[in-house]
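Keeping their order, the protein sequence lines are chains X, L and Z.
Sequential numbering from 149 applies to the first sequence in this note's numbering.
Sequential numbering from 252 applies to the second sequence in this note's numbering.
Sequential numbering from 1440 applies to the third sequence in this note's numbering.
None of these hints come from the bench; they were simulated from the model.
One or more hints might be untrue.
To be verified - 30 Å max Cα-Cα, derived DSBU-like pairs, lysine-lysine:
| no. | chain 1 | residue 1 | chain 2 | residue 2 |
| --- | --- | --- | --- | --- |
| 1 | L | Lys-380 | Z | Lys-1463 |
| 2 | Z | Lys-1463 | L | Lys-285 |
| 3 | L | Lys-380 | L | Lys-285 |
Said to hold, decoys possible - Sample of chain Z residues at the chain L side, in silico, Cβ under 7 Å:
| no. | residue |
| --- | --- |
| 4 | Thr-1503 |
| 5 | Gln-1559 |
| 6 | Leu-1567 |
| 7 | Leu-1584 |
| 8 | Val-1598 |
Note that this is a predicted model, so its numbers are computed, not measured.
Using N, Cα and C, we set each Cβ at its ideal position, and we do this for glycine too.
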Amino acid sequence: MIGAYPSVVVRVVCALLSPFILMFGLYVVAHGHYGPGGGFAGGVFIAVGAILPRLTLPEELAYRLVPPAAGPLAGGVGLLLFLLVGTLPLLVGGSFLDYGAVEIAGLEASRVRYLGILVVEAAVGLAVFGAMVLIVDVLTGKDRP
Amino acid sequence: MMELLLDRYIYVLVLVLLAIGLYGVLVKGDLVKKVIGLTIFSTAIYLFFIEGSLQEGGTAPVLMPDPENPGEFLNDPLLYVDPLPHLLILTAIVVGVGVVGVALALLVRLYRTHGTLDEAVIADRLAGKAPDIPAADERRDAFDVEDAGDGDA
Amino acid sequence: MIVPLDLVLFLVLIVTAVLALAVKDLLAATALLAAYSLFAALLFAGVLAVDVALVEAALGAGLTGVLFVIAILATTRHSSPRPDARRRWAVLPLIVAFLGLMLFASTGLPDRGDPDAPAQRGVSQTYLADSYADTETPNVVTSLLADYRSMDTLGETMVIVTAALAAALVLIRRVDDPSDRTDDPRDTPGGDADLDRDLGPADEDGYGGRGPR
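Start from the sequences and build out the full structure, keeping to the hints where you can.
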């Protein structure tokens, strides 16, 4: 039921579309400071870019593009990254998740917060990507190769 | 009552959506339909929150550049709608999809065990009232026949 | 926002919601649900919640539909529950009571778009005024999400990763038991036994552990 779709048009269009969706997802994650977007929306777009090949291309090909292990791995890494960024200010005497407390030479506190937001958005994006890919993988019953 | 309908029709419409979702969750016998009702209900709640964030004369909560001082941004709160409900609902939507994922996983698991998604049948089985589940291959044939029968309906 | 457009979108929402619950074909119901989410996303964009509209369009209209379609393909497409008229008549008064209570409560709510509503006069003022000075981020929703209220976001991230793991635990099958690959628990004597261990003794039916009913 899930796997190579019988119509060649659908297969080709989805294969062509997938990298652009991935690219757009990365753009949305990185562009969260200046417009709508951010980790949650971007993570979903990246996940869709990874799920589309699973629904249309032959299994081996789709799993070579994004292996099934990517789901739990990305989810865990994203959450850990978030926790690490949160813990960093604790080490220099600030409070949890207060990125401005970290002093980086040549950067103002607001700039450090700006970078902290970027890292947190990336972490959230990773976690959302991993969670969505994992849910789709277990629902299709292809959670192990 | 008329005043409510004329000035606050948004609240009434959101309430209608809430009632539809509630009806789906409580009355529908098919478990997938119940999850659909749950989604309708939660989306109605999101709408209610977001409608509450609206502020006359405000624009989207992305700060606008100050035309007089390049590099600065206008930060008068009256110029923008309230960003806080946006944040709350943004995260709620993502969590709602997580909930739907877990619910659907449970449904697939139930179907593997019981061969049906009819709530009443499953409840009867769990209470020991319904007959034994038919053997695996028999059961699959029975469902194929049923599917073929319903297919053209 | 143009008021009639608002009204029309809401009416379309109500129609799609009713249809999504009424149709027998579950794939059609999923398509209608995706349409419902898409129109909700339009409404979000209409009241200037651009971030929410983006997430709702991607998640509600896109990924939720994909999840439903996958689950329906793995189970059954036809919704054929026993009609239960008794329950409908028992539940309708409940829903009417709920509606009446909420209507009564909504009379105390401020008018739509009122700049003097209590919700508008709260901490959001500070966020809007200080966001750029504190974080150099023009999009206030992002600075709220990842800085002012990042503890909230941390919790939500944990919730969705946990949800994905829970879904995996519900559905995952054992690697070392090839017979467990089949979809039926009856011919997997060892397969489901350890899943049922916490629920109670496995019975000869294979789906052991009587439920709470």
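Status of each hint after checking the structure:
{"no.": "1", "hint": "Lys-380/L with Lys-1463/Z", "in the structure": "27 Å, holds"}
{"no.": "2", "hint": "Lys-1463/Z with Lys-285/L", "in the structure": "13 Å, holds"}
{"no.": "3", "hint": "Lys-380/L with Lys-285/L", "in the structure": "23 Å, holds"}
{"no.": "4", "hint": "Thr-1503", "in the structure": "6 Å, holds"}
{"no.": "5", "hint": "Gln-1559", "in the structure": "6 Å, holds"}
{"no.": "6", "hint": "Leu-1567", "in the structure": "4 Å, holds"}
{"no.": "7", "hint": "Leu-1584", "in the structure": "5 Å, holds"}
{"no.": "8", "hint": "Val-1598", "in the structure": "5 Å, holds"}
Checked against the numbered hints above, the structure breaks none of them.
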